[in-house]
Structure formats: structure tokens, C-alpha cells
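Chemist: Chains as they are written, first to last, in the numbering used here: chain A, 1 to 425; chain B, 1 to 425.
Misleading hints may appear alongside valid ones.
One copy or any two copies: either way a pair holds, since identical chains are not told apart in the list.
To be verified - When the alpha-carbon atoms are kept at most 25 Å apart in a straight line, the in silico SDA-like pairs for lysine to any residue are as follows:
(1) K231 to H190
(2) K202 to N115
(3) K164 to D10
(4) K231 to D74
(5) K148 to L85
(6) K94 to M127
(7) K105 to H333
(8) K421 to S315
(9) K164 to K231
(10) K161 to S225
(11) K202 to R98
(12) K161 to M401
It is worth saying that the hints were derived from the structure and are not from the lab. As the structure is a prediction and not an experimental result, all values here were calculated from the model.
There are 2 protein chains.
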Amino acid sequence: MRAIILSVGDELVLGQTVDTNSAWLSQQLAAVGCAVAGHLTVGDDQRAIEQAIEESVGRCDVLLVSGGIGPTDDDLTRQALAAVLREPLELNEKWLHRLEAFFRKVGRPTMSPLNRVQAMIPRGAAMIENTAGTAAGIDASYRSGDQKTVCRIYVMPGVPKEMKLMFQRDALPHVQHAGGGAVILSRILHTFGLGESLVAEKLGDLMDRRRNPIVGTTVSGGIVSVRINAKFQTMEEARRQLADAELMCRSVLGDLVFGQDDDTLPLVVAQQIDASGDQPLITTAESCTGGLLAKMLTDVPGSSAYFDRGFVTYSNEAKTGMLGVPAELIRQHGAVSEPVALAMAEGARAGGDNMIGIAISGIAGPGGGTPSKPVGTVCIALSSRDGTIGRTFIFPGDREMIRDRSAKMALTMLRFHLLGKEMSF
Amino acid sequence: MRAIILSVGDELVLGQTVDTNSAWLSQQLAAVGCAVAGHLTVGDDQRAIEQAIEESVGRCDVLLVSGGIGPTDDDLTRQALAAVLREPLELNEKWLHRLEAFFRKVGRPTMSPLNRVQAMIPRGAAMIENTAGTAAGIDASYRSGDQKTVCRIYVMPGVPKEMKLMFQRDALPHVQHAGGGAVILSRILHTFGLGESLVAEKLGDLMDRRRNPIVGTTVSGGIVSVRINAKFQTMEEARRQLADAELMCRSVLGDLVFGQDDDTLPLVVAQQIDASGDQPLITTAESCTGGLLAKMLTDVPGSSAYFDRGFVTYSNEAKTGMLGVPAELIRQHGAVSEPVALAMAEGARAGGDNMIGIAISGIAGPGGGTPSKPVGTVCIALSSRDGTIGRTFIFPGDREMIRDRSAKMALTMLRFHLLGKEMSF
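Extracted from the complex, chain A is given alone in its bound form:
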């Protein structure tokens, strides 16, 4: 069972609207074991829509089309579909009555003649009810002359809400039924700290493209994510195989994995604190990240349970005045140095027994780099009742990337501290 998703609309090819329908439909299809061969997008051009439908019907079992069935002159999907099917458009009386009733209800007793076209569908096709709008959907079947090619075509509105309702009620049951079973289950494991190629090296053969479950990596914002997709005939088999593959991935990646699926670093840290017996209080002291670490920690609702204050000490005077970092220490080592980061973390913690201070001092650039401390040099320190540790990193990228990676690395150091383990990289 293979599907193609076709989106129609000038607003899409002009880039004025990001196509979220295709991703949503893909997720729905994957969940019932229907492979998506591809997405296609064309503008409001009848010939382009015809060509896209024509080429797709030979390559998939189900074609999901959204957009281009509104009431105006630039809505041309139904005309294109009729041309491909070589059938005339016919008025569907039932939907016409529904449309007229709809307009009476919203206080427009005379319907615009433009809306009449919304009740037209190719001969031989069936109308799909739209419970949320005026554009009826179309359920059609394409058959090649020799009957060898058969493709079911669903035409739905481009408005996400209307499309989703229609898909779930009408197209999805057909896909599930015709698909005869295969189920795709997915799991995503998130890591932070190593580059994509090193994560892939650790995974080794697990990433062989011929395997099922199949394992792949993607990277976003420095987070390297490992995707595991299991496609099997039964839900039970898919579940078992996915669990096995996940276990193998986790065993080679170890503590590098900080979470799965919708987990984020701040959320995982919050869960760790929540699960720990002694509920430490986190305090931040930031120089180059300028508040970003505190912002990330407080992204999590309820973070007031473990975060009560943060210091943004951008200048040397602020480091001395707010955190008690000796001016002499800064003079001696420079503000971007492990000794200063250690003193910042200790100053933020201020001796509180159950407190953890985290400090970041670095050169986010673009200026300020030197040969011995290039742009991207960042010192991060963590102080707790167990002592204070510091590490120096060199992050690649621009100011925004360096600041982002610094805050994420600080959260990672906190995560390892809460695990009671040394950071393994």
C-alpha cells in the first residue's frame, strides 16, 4: 500500500503558506502502515494539477489531494481531476441542497452562483461530506485502459481543519482496510553532545538500510536524533521489533540518549529533579548566554519548584558585584576561563546545601576571539555540595548557535550531575 500526497495552491508555491497538511497526512498514513512515496505541490494551474494527478496514479494505490476545491476561479482541482478521468463534471443535487441550506442558515438566502461549482463532481465519483465547510470532497477511482492500474483518489479541502475531519472519517478507514494490515511504529531517541557522524559510528550496522526496523539520524539545533521505524504485518510484531531495536540503540548510545519523542533537555532535567528525593534548587549565572539558560529552564511549566533565581552577569563588574567573583581572578585568567566559571557557579550557589549553581562564560562572537581563545570558546561550571566541576568547550557556528549550544551543554552537565555520572564525552 503506497500513497502520494498532492497539495494544490498558489499560496504554497509562492511560499506564503507552509504546507503542514502533507506532514500531518504522512503521520496518519505511517501509523496504519501505508508508505508515503512522496509529496507533490503545484499551483492553481489546471494543466499542472492534471499532470501531477496523471503521473501519480500509476505510482501509488491511493492519491490524497488537498486544495483547489473552493468556489473561485482559481480553484481548479475538480476540473483537472475530471480531465484525467475523462469524465464530465456533474451537479450533485444533494450537495447543492446542502449548500443552499448552509447559506440560508448563515443569513444569505441567495447563494452566490460561484458556490454552485462546489457541488460539481466528475461522473462516476462519489461526494464526500464536509461537516466544517462548503467544499464537498471527491472520492474517485482511476483505472487505466487495461485495468492494470487502479488508484483511489480522495480530493479534500486545503483548509487543515476541514481536510483532517474528512480524511479521518472517509479516507483513513479505506486505507486501513485496503492496506490489509502492515503497521509502522516509530520511536525517536534524542542525544546531545556528539556530532551526527559520531552518533552514526556508534550505531554502526544498526543503520544498515536493509534492516527492518530501519534506523536513521537527523540533527536539529545540535540535537542528534535517532529515528527507529518498524514496519510489520501485525501491531504486536511491530511493537516487539521496535522495542528490540530501541534497546539495541540505547545499549550502544548509553547515557548519550537524554530522551525520546517529544522530550526536550529542560523537560528531562525537570523530570529528573522531580524523581529525585531531595529536590535541589537550581541557580544560574550567565555571561555569554545572557539569560538563555534560565529561559530554557523556565520553558517548563512548574519550573518554580526547582528554579528561583538567575544572574545575568554580562560585565566583569556584574560578576564581582552579583556573584562575588574576585576582580583579581578575572584579571589573572580572563572572564572566559575555568577559574572564573567555577567562581561564578559557586557564587550563584552561595553555599546553599541543596543548591546547584551552573555558570557559563564564553565568547559568542562575532568579535572578541583571540588565537588562544577563539570565538566559540565557552567555559561551563557546575557547583553542588559534592564540589565544583568545570569544562571548556569550543562550539562551532555563529553567535546564535554558540549561545544555544552552550546553554544545552550546561543542561547536559546538569543532567549528568543529577544522574550521578561523569559526562561520557
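Following the hints, position chain B against chain A.
Modeler: Relative to chain A, chain B alone:
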């Protein structure tokens, strides 16, 4: 001049990632008068990528491919391109050296052998430099046997930031040059504070779709942007018409416009301070935004000239201990109240003559709302030698939106203070 945009990645056809690259590229192409014939998306499957490239090259003058050039086994775009071009992949020594230097710089003297493939490009193609990552792009030309079909192909990373840099520096100038003909010039004016429909109301007839220059609005992150596109036969005419239309838009929007094109709120505030004679020092005191305002202020390189410290006072104790807000005041009015926000701003300013303190206290949710102070209630105060002012806002949306709008509104209050004007909305 026609383009097709091809996106490659299992995460796209599985619906795990929404494809934002295609919309962004389409916008860029539209702005220089290049029509986009369509978008295509396929998974990490070499045969599917080959087929997509093969079919596209006959239908467009430029094919923009993103994704599938990472270092791992599921990155197959370069192999597919080489197959379509019928050329072998060759090692590009220059990029190999760059890769090795990159890994040395970040402290990994031995590069993973997996990364070596990232320096491979089809024979006859040119490498495109990647200033933000390890995947070099590929600039190739497809020619059919009879030389009738010629299509320029640019392969770029799927990571939006790397793709955008590469497109703007390498592909866009080619498209602009090859496109010839009409000139499209654009200006974008950014506003913050009023909703899109109110901005559109102010613009009135200027937004008539039959006009040239054409004026439209878009909204992103609460910033309502007014886009003016002038399409004329000569650069001179386009420039003159654009300037006239911009003047008309600015005259109806007034101080609501904070900047244009690449301007951001923090950047504009930085420029205002830089242009002012007396170089005030900004200090922040944040509760619900948890450091986001300080983070935004320090997004700007060189912000240390006017920002030296910030206080994240998430708990009541922090407000009292770090800013000297009387505990009694908090008890009396609640932490989210104008009196407390005023006291926070004054505490942050700490009487410094040329200092400005900005404070934010609000309910970001999802919990914590009451009938009289619902989620989204945010008090913002600004203290300077001219006195202290406060305002209460109710922002819509979720936790992330409320925090973002709060910080942007604080920057907007600062912008109006630096203008020496009352906020007009």
C-alpha cells in the same frame, strides 16, 4: 525562468518534520520573479531521488534540492545526482582539507571516515562552500543528449540555516542573473503591538490587490510585517515606485513601524542607544520571562556597551532579596501587579542616574490564572531618571507565546522611551 524545489528526507515523508524549506525558497524565488512550478518531496531512497531529479530537469531551468547530503548511510542525494548525471563521485580535496581543519578546530584531530563522503561530488560539478556546517553543497548542470535540455541543479543541506546561507550566497545570484526581465524590489516594514487586522485596517486601500507595488501583511511571532513588492521593467522605476509606496505605508503606520527588512526589536533598540548622546545602561528584572528579555537584548553583538546585568527573580524571595521589593507589597498586591513590577524596575535600576530598569512579572501559564488575573496577564514596568511607568497587558496564546510577547512588548516600551514618546497603542 522556472524552478522546481525538491526536498529529501524520510523525516519529511513520514511527517515527523514539516518542510519549511520549500516555502522559504519559494518566497525567495518569487521575489526575483522566478516562477516555482512545484515542490517535490521524497524519502531517503536513492531510486526515488533519482526519479525525482530525472523528471524535474526536463521541466525547469533550475532545480533546488535540499537534504540528503549528511555523512551517514541514509544520505543519498549525492549518489542519486551522480547517477542521473552519469558521472562518478570524486573526492574534492579542497573540501576534505576544510573538513579536517574543522574537526581539528573543534578538538577532534581524527575526523570520522564517514565525514569523508561529504567531500565527494559528481565529476564536472562544483562544490558550494558551507560556512555553517560540514556538508558542502553541489552546483551541477544537467544536459540532455541533444543539448536541448539544460537545467542548473543546486544541492544544499536540509538544515534550514545552512541551506539559507548557501542559497542566498550562491544560487540566488545565478537565478537573478539568468532570469533577466522584470525587476522585483521588496521592502518589508515590521510592526509590533497591534494585530494583523488592525494593521491592515490602517493600510486600507494601499492593500488593494490590483496595485503595483503590491502591499501585503504577514505575521510571525507577533511581529506584523508589511511586505511591499514593486515589479517594474527597470530598476530605476522599481526603486522610485517602491520608495513612494513605502512612504505612504510609513505615513499611515507612524511609530508602529519599528524597523525594516532584517531589523529585529533588539537590534533597533541597540541602534537607538548607539545614536543617543548619553548611552544609558539597561538592566532587566524578569519573573515569568525567566531571562528571555536579557537573552533578546544580548542577541545583538556588542550589547555589552549598554547591558551589564540582569536579574531573573522567579520566586518572591528572589524579588525581595535581589531587587529589594518589599515582601509586604507582594503580599498586598500579588507578584503579578503593577506596584510590584514598578518596584522591580526601580530595584533593577538601583538609582543609577543613567540607568534604565525594565521589569516583567506575569502569568505565563498553563497554571496560575485566576478570574481577575487570567493566564496571559503581564505587568511591565520601565524605570529611568524621568520616573517609572507601568502597563498591564493580557497576551493570548500558550506559555511560549505569552513569554515571547511579554519580552517583545518590554523592548517596545524601551523603544518608545528612547524615542521620547508615549506608546501609541
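Chemist: Hint by hint, note whether the structure agrees.
Modeler: Right, here's what the structure says about each hint:
1. Taking CA atoms no more than 25 Å apart as the test, K231 paired with H190 passes inside one copy only; the shortest distance there is 21 Å, against 46 Å between copies.
2. Taking the shortest Cα distances, K202 and N115 sit within 25 Å of each other only across copies (14 Å), while inside one copy they are farther apart (54 Å).
3. Both within a single protomer and between protomers do K164 and D10 lie at most 25 Å apart by alpha-carbon distance, with minima of 21 Å and 22 Å respectively.
4. Proximity of K231 and D74 under a CA criterion of 25 Å is satisfied inter-copy only: 17 Å between copies versus 40 Å inside one chain copy.
5. Taking CA atoms no more than 25 Å apart as the test, K148 paired with L85 passes inside one copy only; the shortest distance there is 15 Å, against 32 Å between copies.
6. Only within a single protomer do K94 and M127 lie at most 25 Å apart by alpha-carbon distance; the minimum there is 9 Å, versus 60 Å between protomers.
7. Proximity of K105 to H333 under the C-alpha cut-off of 25 Å is restricted to the inter-copy arrangement: shortest distance 22 Å between copies versus 54 Å within a copy.
8. Taking the shortest Cα distances, K421 and S315 never come within 25 Å of each other, neither inside one copy (33 Å) nor across copies (30 Å).
9. In the homo-oligomer, the alpha carbons of K164 and K231 lie at most 25 Å apart inside one protomer (24 Å), although the nearest pairing across protomers, at 34 Å, exceeds that limit.
10. In this assembly of identical chains, the alpha carbons of K161 and S225 lie at most 25 Å apart whether taken from the same copy (21 Å) or from different copies (18 Å).
11. Proximity of K202 to R98 under the C-alpha cut-off of 25 Å is restricted to the inter-copy arrangement: shortest distance 24 Å between copies versus 52 Å within a copy.
12. Taking the shortest alpha-carbon separations for K161 and M401, both the intra-copy value of 23 Å and the inter-copy value of 10 Å come in at or below 25 Å.
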